[in-house]
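Undergrad: Next come the chains, spelled out residue by residue.
There are 2 protein chains.
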Amino acid sequence: MIIMVQENTEKKVTFNIDKNENFSEWFTEICSKAELADIRYDVKGMVVFQSWSVFAMEKMYDFMEKTLQAKGHEPVWFPALIPEKNFKLEEEHVKGFAEQIFWVTESGLEKLEEKLGLRPTSETAFYQMYALWIRSYNDLPFKKYQRANVFRYGTDATRPFLRSREFHWIEAHCAFATQAQAEKQVRQDMQTTIEVLTNIYGIPLIFFKRPQWDKFPGAQDTFAADCFAPSGRVVQQPSTHLLSQNFSKPFNVKYTDKNGKEKNCYTTCYGPAISRIFGSVIATHGDNKGLIFPFEIAPKQVVIVPIMWGKESDEKVIKKANSLYKQLNKKFDCTIDLTDKRMGEKFYYWEMKGVPIRIELGEKELNENKVTLFRRDTGEKIKIDFKLLKKEIQRIGKDISRNLREKANKEFESNIVKVNSFDELKTAIANKKIAKADFCSIELTGEPCSLKIKEATSATVRGLRMDKEEKASGNCVICGKKAELVTYIAKQY
Amino acid sequence: MIIMVQENTEKKVTFNIDKNENFSEWFTEICSKAELADIRYDVKGMVVFQSWSVFAMEKMYDFMEKTLQAKGHEPVWFPALIPEKNFKLEEEHVKGFAEQIFWVTESGLEKLEEKLGLRPTSETAFYQMYALWIRSYNDLPFKKYQRANVFRYGTDATRPFLRSREFHWIEAHCAFATQAQAEKQVRQDMQTTIEVLTNIYGIPLIFFKRPQWDKFPGAQDTFAADCFAPSGRVVQQPSTHLLSQNFSKPFNVKYTDKNGKEKNCYTTCYGPAISRIFGSVIATHGDNKGLIFPFEIAPKQVVIVPIMWGKESDEKVIKKANSLYKQLNKKFDCTIDLTDKRMGEKFYYWEMKGVPIRIELGEKELNENKVTLFRRDTGEKIKIDFKLLKKEIQRIGKDISRNLREKANKEFESNIVKVNSFDELKTAIANKKIAKADFCSIELTGEPCSLKIKEATSATVRGLRMDKEEKASGNCVICGKKAELVTYIAKQY
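Going down the list, the protein sequences come from chains A and B.
The numbering of the first sequence is the numbering used here, which starts it at 1 and goes up by one.
The numbering of the second sequence is the numbering used here, which starts it at 1 and goes up by one.
Bound-form chain A, shown alone:
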């Protein structure tokens, strides 16, 4: 096939880094090549999110917001600045964030009377208003969320999407009459995460109840999702926190019950970081040729490439390609490549950019009233009748997302290794795996064992798996005491 020959002569334009061998380089390179994020912005640790990623992240926001709204959350927009005194109201919270806050101390040419913190998260902004808004049991449950940029100074090495000093997230803050209702919300948040991240974005994950020494500052309990990157590190994705009355008390968030008695609310917060999740979309689905997007969140879902040979028929081909583009673009996000690049170059470019479906249309196809459809995920090519094209794109689009999801799931599972001793644990981490082990406890009594693991491997104890019950049958692989749980251990971004 002539097209194949063209492709072979164009090797120089290909993106070709072994993702599994050298994930870190692969990730850095694809962020630059596909124009996802530019790290050359002149504030350290802050990047410019470029159009190709923003198009996808806007779709990701849309799915997440629709899901939250369907579950009774309503959107609000809070100020990005929070007075210093608010942070100080919850002791653990201010301790946890003390080193992470950017402080505004001047406005115009004057010094401010009180420092204002750029929100690292907005509990201390929301709750002062909840104290004003919530009056009686009739107002509960009270479920709001905001789409917002948040700022965390941090000292760890930054990396586009996965860890930067400004990121883009959703934060949902809920208040309830009882602890049981708050716990139910936490379960709903975990369900939402799976519905959106796994079922739509195609990212496999496990939800863990985090150990007591690894909670959100101020929370009673933290539940967080771990995804996996081929570097052998997990990426913490959405977490939901059972705050109980830890914030409602200092912030005076109260309601009057049916008997006219004033009580403190029970609150929860949930924080899916869209820009960070996008990092996991890249890491999960990409391959050695570049990005691969699930159909639903692809910046462009279909690229049309007219096949031209410098012949008279080219005009007809372009005309038809343009009319197909107009027609398909009503239903899908399409683009058409009319640049004067060579064919192979075009193919490689759009494969690198991760567009799920490529439509090739040449003289031959035109004569048959067909197009050639190329699937980015499998590399398959099939011929499809003009008439059936819309329907087939719809069907194949869904199939691409399903296939990516299943592939990712298998990959994820295959990276979990059961270990029965400290040595096996060390080997598993060295082999870039997630270790699964009997462990003494995620209460504070287990912290010494977790520290031993961290010293030896840099890996951390992820906590108690929430999506299925796994009973420990033996003893803690570190201290040898009776194990209370099966835990998972991995390095983290």
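Everything labelled a hint here was simulated from the structure, so no lab data went into it.
Hints should not be assumed to be uniformly reliable.
Which copy? The list can't say, so a pair holds if one copy fits it or any two copies do.
[What the hints assert, rightly or not] No more than 20 Å apart at the CA atoms, straight line, and that leaves these computed lysine to aspartate or glutamate pairs for EDC-like:
hint, residue 1, residue 2
1, Lys115, Asp42
2, Lys143, Asp18
3, Lys143, Glu35
4, Lys316, Asp340
5, Lys258, Asp340
6, Lys491, Asp62
7, Lys426, Glu455
8, Lys111, Glu84
9, Lys391, Glu424
10, Lys289, Glu345
11, Lys66, Glu296
12, Lys289, Asp337
13, Lys254, Asp42
14, Lys249, Glu29
15, Lys88, Asp42
16, Lys115, Glu84
We have chain A already, so just place chain B on it with the hints.
TA: For chain B alone, kept in the frame of chain A given last:
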């Protein structure tokens, strides 16, 4: 009609402030009553945007972004923090914004080496990247935009939506090869403003080329839209700025032309502030009963109120109302009021909230297979067959938006008064009108006349009208010299 009697007994729940007599009180009250914005947040000049306004503003963002994307703009997300040195690159710009910037000087527990400004606008963030991204004439035109929160300290009195220290906008930044192309972009921005603000949000406006003494800091020319509020003040809405090479030179934004020669780009910027425009949506369409939303941007487009009489038939009514809700909610943003409030109270509440269409359904309607449909804009009630309901809501929704637009246009026109002397001008401004007058010049030579007007009336010269040619026939109403133009003069928010 029994319903009318009910309404009359419920006067206590009504919102009833004369919008034209006391616009300022009306505006403050409706922001609080309809839960649009809460001014009790503990940073001065910053408000919490509540769900009812955010739902509408999200729709407004959507229309504006789709329109921009259709014209070739692509979304990006820039950091909110800009290093101090960037601001200093364009002399006029830094002068203009010096008193408006919030400065971050500390991060965590440390002092920053360089102050970082919270963006008041992002020219100085975008252009350093444009200098890296734009290489050759092939990259031009280069059209990006971002949806973002921006921060301006300012010293003027703040007011929700119309003037606050953090607001939510879109900023589009474009680069071109020639000045002519940049000028064409400015015309396109003005067209976009009318397509979205006037045709969709229903806000009448006039675009002016601003006087030289009232430009965006750093611009060659500023073109800005003025809307009108019943207080007799204009509200400046989107402005677009011809920056020429004023920024591309200090920021080194260059391209190589076809002959391999390096040249500076010509740039423009355009800034529709969605949260501010929402202020004009309230001010333009509301009436003495509260808000009125154009159908397309209403937080809820339809409210269903089952009419219950404490009879056995109530159950059937609720069942049908619920099924109507489920059916209609697939196509429109609907809500159903099942609270135990009295009927009149429900009616007044949703009228105050500005929901364009109310569907009433009682036993009588049920027996006729009909509903009663109430239009918020005209107060009309009509009966509609269940079967025709979807279609009729669609049609009436459009008609409501058309009606609001036309009413607003008439109102706007009626507030413009031609004046032929300084005295007439003073009277017009005192009567809360926009004065239209022959004026010497919007070049710097005209500034003394503008200052005289400002001293006498607090009103300012708005500039040269862009949407139609109006030739001055006489002399400047202030200095008596030959008038170069017809200008408009008004107080401004």
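Undergrad: Hint by hint, note whether the structure agrees.
TA: Hints, verified against the model:
In this assembly of identical chains, Lys115 and Asp42 lie within 20 Å of each other by CA distance solely across copies; the values are 12 Å between and 24 Å within a copy. Neither within a single protomer nor between protomers do Lys143 and Asp18 lie at most 20 Å apart by alpha-carbon distance, with minima of 45 Å and 34 Å respectively. Taking the closest pair of Cα atoms, Lys143 and Glu35 come within 20 Å of each other only across two copies (15 Å); inside a single copy the shortest separation is 37 Å, beyond that limit. Proximity of Lys316 to Asp340 under the C-alpha cut-off of 20 Å is restricted to the intra-copy arrangement: shortest distance 17 Å within a copy versus 67 Å between copies.
For a Cα distance limit of 20 Å, the shortest separation of Lys258 from Asp340 across copies, 16 Å, qualifies, whereas the shortest one inside one copy, 73 Å, does not. Taking the shortest Cα distances, Lys491 and Asp62 never come within 20 Å of each other, neither inside one copy (31 Å) nor across copies (40 Å). Proximity of Lys426 to Glu455 under the C-alpha cut-off of 20 Å is restricted to the intra-copy arrangement: shortest distance 11 Å within a copy versus 79 Å between copies. Proximity of Lys111 and Glu84 under a CA criterion of 20 Å is satisfied in both settings, with 15 Å inside one chain copy and 16 Å between copies.
With identical chains, the CA atoms of Lys391 and Glu424 are never at most 20 Å apart, being 51 Å at best within one copy and 68 Å at best between copies. Proximity of Lys289 to Glu345 under the C-alpha cut-off of 20 Å is restricted to the intra-copy arrangement: shortest distance 13 Å within a copy versus 63 Å between copies. Taking the shortest Cα distances, Lys66 and Glu296 sit within 20 Å of each other both inside one copy (14 Å) and across copies (18 Å). Taking identical chains as interchangeable, the C-alpha atoms of Lys289 and Asp337 lie at most 20 Å apart only when both belong to the same chain, with a minimum of 19 Å there against 54 Å between chains.
Only between protomers do Lys254 and Asp42 lie at most 20 Å apart by alpha-carbon distance; the minimum there is 19 Å, versus 45 Å within a single protomer. With identical chains, the CA atoms of Lys249 and Glu29 are never at most 20 Å apart, being 48 Å at best within one copy and 31 Å at best between copies. Proximity of Lys88 to Asp42 under the C-alpha cut-off of 20 Å is restricted to the inter-copy arrangement: shortest distance 14 Å between copies versus 31 Å within a copy. Taking identical chains as interchangeable, the C-alpha atoms of Lys115 and Glu84 lie at most 20 Å apart whether they share a chain (6 Å) or sit on different chains (19 Å).
When each numbered hint is compared with the structure, violations occur for hints 2, 6, 9 and 14.
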